[in-house]
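Student: Using the sequences and the accompanying hints, generate a full structural model.
Going line by line, the protein sequences match chains G and P.
If you're matching positions, the first sequence starts at 1 in my numbering and goes up one per residue.
If you're matching positions, the second sequence starts at 1001 in my numbering and goes up one per residue.
Misleading hints may appear alongside valid ones.
Once the Cα atoms are required to be at most 27 angstroms apart in a straight line, the calculated DSS-like pairs of lysine-lysine come out as [what the hints assert, rightly or not]: (1) P:K1055 with G:K26; (2) G:K37 with G:K55; (3) G:K37 with P:K1041.
Since the hints were derived computationally from the structure, they do not count as laboratory data.
Given next are the chains, with one letter for each unit.
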Amino acid sequence: QQPVQSPQAVILREGEDAVINCSSSKALYSVHWYRQKHGEAPVFLMILLKGGEQKGHEKISASFNEKKQQSSLYLTASQLSYSGTYFCGTVRTGANNLFFGTGTRLTVIP
Amino acid sequence: GAVVSQHPSWVICKSGTSVKIECRSLDFQATTMFWYRQFPKQSLMLMATSNEGSKATYEQGVEKDKFLINHASLTLSTLTVTSAHPEDSSFYICSANRGGSGRGNEQFFGPGTRLTVL
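Tutor: This is the structure we're talking about:
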């Protein structure tokens, strides 16, 4: 029941945009997005709840389509600090445990 | 607020020994704590869900007799890797759910513990 992310890896030049997708085969209550730097714990970015909401913080935003059981993370005008591995985490309806997606390795180069 | 700590941050042990990892919620009471394992270049895999005062719920494929979880209080959960072997070497991360936050089960992660079994 691990969510599938795409792409697996992406390389961007500073200032370019990227979209990371997360797809689940199960009905979802919420989707969480995290960024993890090498050797560190994941850092929380945002959470989206059932209801098809969109959220954003500065240049990072996300959407959640509960009917399609999909979420997308949008990174605009990428910065070098955006480099890392991005994971979506999904919580199924009626549950409280989080299952992490397969991960997307993002590299931003000057 | 919502800080989770783990101890130790890294440990090296000999094969056959047991290792205990602590996970503490420092400024909130955690109704539920979770234990994850992450192998190099892989995703975090949920091992078990731990509720204070009750037995942990283990995910399929995780040996409960090998990975002992104790959630003695609302701020502390421990994971003991018994009779550790080199294949148990991994990055172990805990998280805590504050509950009732209205944030859709937001989880707060500890910094992780890197276990190396020789």
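Student: Look at each hint and say if it fits the structure.
Tutor: Going down the list of hints, with the structure as the test:
Pair hint P:K1055 plus G:K26 holds up; C-alpha atoms about 26 angstroms apart against a cutoff of 27 angstroms. For the suggested pair G:K37 and G:K55, the alpha carbons sit about 23 angstroms apart, so the restraint of at most 27 angstroms is met. The hinted pair formed by G:K37 and P:K1041 meets the criterion: a straight-line CA distance of about 11 angstroms does not exceed 27 angstroms.
Checked against the numbered hints given earlier, the structure satisfies every one of them.
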